[in-house]
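Asks: Work out the full structure: start from the sequences and follow the hints.
Listed here are the chains, written in short residue letters.
There are 10 protein chains.
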Amino acid sequence: MEKNTAGSYEGRQNHIRSLSFPAIEVFENIYADKEYSIHIEFPEFTAICPKTGLPDFGIVSIEYFPDKWCLELKSLKEYFLAYRNVGIFHENVVNRVMDDIVAAAQMHKASVVVKYGTRGGIVTTVSRSYTR
Amino acid sequence: MEKNTAGSYEGRQNHIRSLSFPAIEVFENIYADKEYSIHIEFPEFTAICPKTGLPDFGIVSIEYFPDKWCLELKSLKEYFLAYRNVGIFHENVVNRVMDDIVAAAQMHKASVVVKYGTRGGIVTTVSRSYTR
Amino acid sequence: MEKNTAGSYEGRQNHIRSLSFPAIEVFENIYADKEYSIHIEFPEFTAICPKTGLPDFGIVSIEYFPDKWCLELKSLKEYFLAYRNVGIFHENVVNRVMDDIVAAAQMHKASVVVKYGTRGGIVTTVSRSYTR
Amino acid sequence: MEKNTAGSYEGRQNHIRSLSFPAIEVFENIYADKEYSIHIEFPEFTAICPKTGLPDFGIVSIEYFPDKWCLELKSLKEYFLAYRNVGIFHENVVNRVMDDIVAAAQMHKASVVVKYGTRGGIVTTVSRSYTR
Amino acid sequence: MEKNTAGSYEGRQNHIRSLSFPAIEVFENIYADKEYSIHIEFPEFTAICPKTGLPDFGIVSIEYFPDKWCLELKSLKEYFLAYRNVGIFHENVVNRVMDDIVAAAQMHKASVVVKYGTRGGIVTTVSRSYTR
Amino acid sequence: MEKNTAGSYEGRQNHIRSLSFPAIEVFENIYADKEYSIHIEFPEFTAICPKTGLPDFGIVSIEYFPDKWCLELKSLKEYFLAYRNVGIFHENVVNRVMDDIVAAAQMHKASVVVKYGTRGGIVTTVSRSYTR
Amino acid sequence: MEKNTAGSYEGRQNHIRSLSFPAIEVFENIYADKEYSIHIEFPEFTAICPKTGLPDFGIVSIEYFPDKWCLELKSLKEYFLAYRNVGIFHENVVNRVMDDIVAAAQMHKASVVVKYGTRGGIVTTVSRSYTR
Amino acid sequence: MEKNTAGSYEGRQNHIRSLSFPAIEVFENIYADKEYSIHIEFPEFTAICPKTGLPDFGIVSIEYFPDKWCLELKSLKEYFLAYRNVGIFHENVVNRVMDDIVAAAQMHKASVVVKYGTRGGIVTTVSRSYTR
Amino acid sequence: MEKNTAGSYEGRQNHIRSLSFPAIEVFENIYADKEYSIHIEFPEFTAICPKTGLPDFGIVSIEYFPDKWCLELKSLKEYFLAYRNVGIFHENVVNRVMDDIVAAAQMHKASVVVKYGTRGGIVTTVSRSYTR
Amino acid sequence: MEKNTAGSYEGRQNHIRSLSFPAIEVFENIYADKEYSIHIEFPEFTAICPKTGLPDFGIVSIEYFPDKWCLELKSLKEYFLAYRNVGIFHENVVNRVMDDIVAAAQMHKASVVVKYGTRGGIVTTVSRSYTR
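Protein chains in written order, with numbering that gives the first Met the number 0: chain A, 0 to 131; chain B, 0 to 131; chain C, 0 to 131; chain D, 0 to 131; chain E, 0 to 131; chain F, 0 to 131; chain G, 0 to 131; chain H, 0 to 131; chain I, 0 to 131; chain J, 0 to 131.
Warning: the hint list may mix true and false statements.
To be verified - Only pairs whose alpha carbons sit at most 35 Å apart, straight line, appear in this in silico DSBU-like list of lysine-lysine:
{"#": "1", "chain 1": "D", "residue 1": "K114", "chain 2": "C", "residue 2": "K108"}
{"#": "2", "chain 1": "J", "residue 1": "K50", "chain 2": "E", "residue 2": "K73"}
{"#": "3", "chain 1": "B", "residue 1": "K50", "chain 2": "A", "residue 2": "K76"}
{"#": "4", "chain 1": "G", "residue 1": "K114", "chain 2": "J", "residue 2": "K114"}
As the list claims (entries may be wrong) - Listed below are several chain D residues computed to face chain I (Cβ distance under 8 Å; list not exhaustive):
{"#": "5", "residue": "E43"}
{"#": "6", "residue": "P54"}
{"#": "7", "residue": "S60"}
{"#": "8", "residue": "R83"}
{"#": "9", "residue": "Y115"}
{"#": "10", "residue": "G116"}
Just so you know, these hints were derived from the structure itself, not from any lab.
Computed from a prediction, not measured in an experiment: that's the story for all the values here.
Backbone N, C-alpha and C define an ideal beta-carbon position, used for all residues, glycine too.
Replies: The following block contains the structure:
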């Protein structure tokens, strides 16, 4: 590879896309005939930095426009708790969370944002939007 | 149902769309020939969580562009107070409030937002917009 | 009237549109060939609630793009002070102020916002925009 | 003049457009092939109110997209200091500053905003945008 | 040159475009098939003012939409640290950082903002956006 | 009574001192040999105004230095919830809460503060300190 | 008088100490055997400046430790409203309010603070404490 | 036991006082002849709630006046990380941390404060001070 | 002088103690039999730096417990305005203001604080207290 | 040494007490007969971490009651700049700064506080007070 890449990174995170996490439950949206949005903030997210093995802390925000299903909060919380001992990069958390909530609730639109605590004097925020 | 649904939820909230609430009164808009908006914030909303039976607390915001009628604040406050002992999910509060203010004042446009207090470390905000 | 109206309201405020207020003076815009905006905030507005007879307090904001004339601030302040003993609903203050500043300065565009103090646990903000 | 004007105002400020101020120096933009913006805030602006002779205080903000030249900050500061003893209305400060920075640096786009301190309970902000 | 330029400026900074800085490493974006953004804030940036020789302090923000590569944070921090003893104007920092991150990660879109500390009562913020 | 008292008040609240509330449970303080303090904030307190019958909302804060027992939070929350339908003046809430927590945990020192939401444009905070 | 006094002031305000205001009602303190404090904030105070005839606006705060009586809020609000058309200096408002609440409720201790809005670029706060 | 205790609590936490945690290292205070203080804030503390098994999150603050030794930050961080999977009540975290830092650095004075995130609508802060 | 002094400073400011400023007027304190305090904030203070000749900006705060006289605000404002073209060090402003208000109003106690804007990245606040 | 010390620390910093720094100049206090204080905040302090070789950033605050001499700000700024390339622990910065300002200005009283930026998720503040 001719790029100036940090070699030890790659290969270590490809398994993230297929890693097993607890199922996110949904419940019926009794106002599915209306367009509205639901914003959820989970300020107590923690995972493990795959490079240092030390814990990372972040604030996860999800906003979505439900179709037939709404995300059930208790199972969503348990889903987030499952990251506690997983080694995963910031960029991948956002993408994996988005894929999982879309698979669970098949919403019209969604966005996922994770804002991480300071590391080495640097603050990182990763964001992804989805439209069906 | 093949979805991974939280079974005990559904069925419990369908009655919300037809539940009886106090009437929201209106008064004549003497500037109905002008386009303008009215924003109302009610920071003392409380209802009952249908799963736990414990009280939820939230801040309700309404913004609307009146046509012939304006929402009368005293009756609106009494309308909100009527949720105090009702078991209702966050998502449904917003939708029911929207349907009721539109029926009462037949405004040009409206939005309803409810921001709930922290539960299980999670903060939820539900929003709906309406255009006639 | 088949509407669920708060009867005692109407009729009481129609005179607002023709009530006499002090004149708002203007001065010549020496940069009338340029498009620019002027934002004025008056945080000490007070009027009387027509239902209770008790004083209301609010913050009035005006933004406008002047044409040939600018609003003179001293006369504008006196204009606002004239509401001190007037019984007038929130919705009508915004509309009357807009009509009066447009008549005085014939600006290209304007907006008027009044944010009221808490009453019965409710915060109200009324806004109107104008384009010539 | 049939307008309800504050007579003593006009005539007094027309000279502002031709008043002499210190030159604003510029330096070569070595990234003139890139589009980027520069935002400058000067929180210590003071001039004289032409009606009362008392000092006014304000915060001047400039944002611009440079073409071949950038505004040199030291000369810009001296330019602002020259208003210290000038009697000039809020509206005219913004317009004169815009004309002078455009003449000096011939930028692609610019905006000038001045936010003034409270006078008679009133807060004023004047803004102008420019596109070449 | 007929412009009113601050003569001693030019010539001094043209070398900035070719100055050598440490390489910014990248790692493979395992979600390259998704559109998402990464925001990085580095609040501890310092360089030297080329006019006075005194240190400047600023906050660097980068936001980008990665294509095949993500910026590796540790090497990015070392890249920023290399400015510590470089004499460079505010405007040029932003442009040089943008050129270097685009060369390293060839992202879809990016923006770079540097907000500097007060100098002579003046606060400066420089911003540049990039779309491939 | 020669005082200028609001007659209808008294007599109505004397029963508050003997009203029955749920028991506040305690657990053993395993660091009873150390002096330390515990501060608890419950931002979702609501009771009924005995004059108007309308709900009041407040934020309850308790700080105490435990002796042999600590207040158990779940039972404390249930204790607060029991006020939801009780008609009680602001002043009396603070005093009753203090008497009940002291009876339950026999702490060295304690303070109770309740800050109420705006009523009639007035914000009320009631505070009491206790030392054994 | 050899002092450098603003002559027209004195004489004008001596009547304030004997001016008639609405009675402040009290109600029985059913926890008079406990020491606790009550803090009341009234953010909507307005009176008239005796020099200019223009309205002043302020925030009145009262804190007191009740003995046998508590201040009744509705009558206190009416007492404050009575200042709306009274010409009175800032310094005298605080002193008169203190004398009146002490006469009404004969509390153990009290403090009164009034913070006024900006006038001529100056912000004034007047405070008085009382111990029986 | 005649107290109204939450029975299942006690017995479960007594082992906390003797639980094994990583050693907190110290380094020599080269200014031991001077009195000064060191304040450390660790905003990323997490442990397990012994009742629910769910994670708790808090902010730990330590302030101390060193004698011959200072707390070494890297080992202190590792010490805090060791709580990540420990079931421990809020009250006990503060006491155990205090005992451990005093044993390690034998400082003149110290205080430990832990502020926890919201649980069941309740925010808890536990504090302990120590003087040798 | 054996001290490492910045020689050009001294001698330049000794005249400040005898420099002539406008008189500060007072008015009779009709509540001179009560102890209370008056706090005045003047956020628009400006003077000249004696070293650079450039303007300094600051916020002046005065708090005092009046005896027989109160400071008259209009003359106080004119007194502050007189510093606009005076070359004076930060330290000396506070001392001169204190001497002048004490001479004018012979109050029981007073404090003067001036907080200056950033210069060379440094923020300075000078404070003096006085008790008769 | 029987302590659990981080061995590589000691020995490395003892030279700090005798390291050479630029002289802090002083100027004559023309109000030396008055007691007053001067507070200086320098938000742009940077030094090198002796363990990692990476830069640390902090905010230095000094407050002192001058006797015959005041600290001259320009030389103080140059004194702070001299730490830019010095490897020094947080605890030692505060102590060395205090020793140097006391030697320079022999003030009555002084305090020095340095608040450092986040490192490893930890925020550190070091403080020392001095009385002659």
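Asks: Take the hints in turn and mark each one as holding or not.
Replies: These are the hints, each one checked on the structure:
| no. | hint | result |
| --- | --- | --- |
| 1 | D:K114 with C:K108 | holds, 20 Å |
| 2 | J:K50 with E:K73 | holds, 17 Å |
| 3 | B:K50 with A:K76 | holds, 16 Å |
| 4 | G:K114 with J:K114 | holds, 33 Å |
| 5 | E43 | holds, 5 Å |
| 6 | P54 | holds, 7 Å |
| 7 | S60 | violated, 16 Å |
| 8 | R83 | holds, 7 Å |
| 9 | Y115 | violated, 11 Å |
| 10 | G116 | holds, 6 Å |
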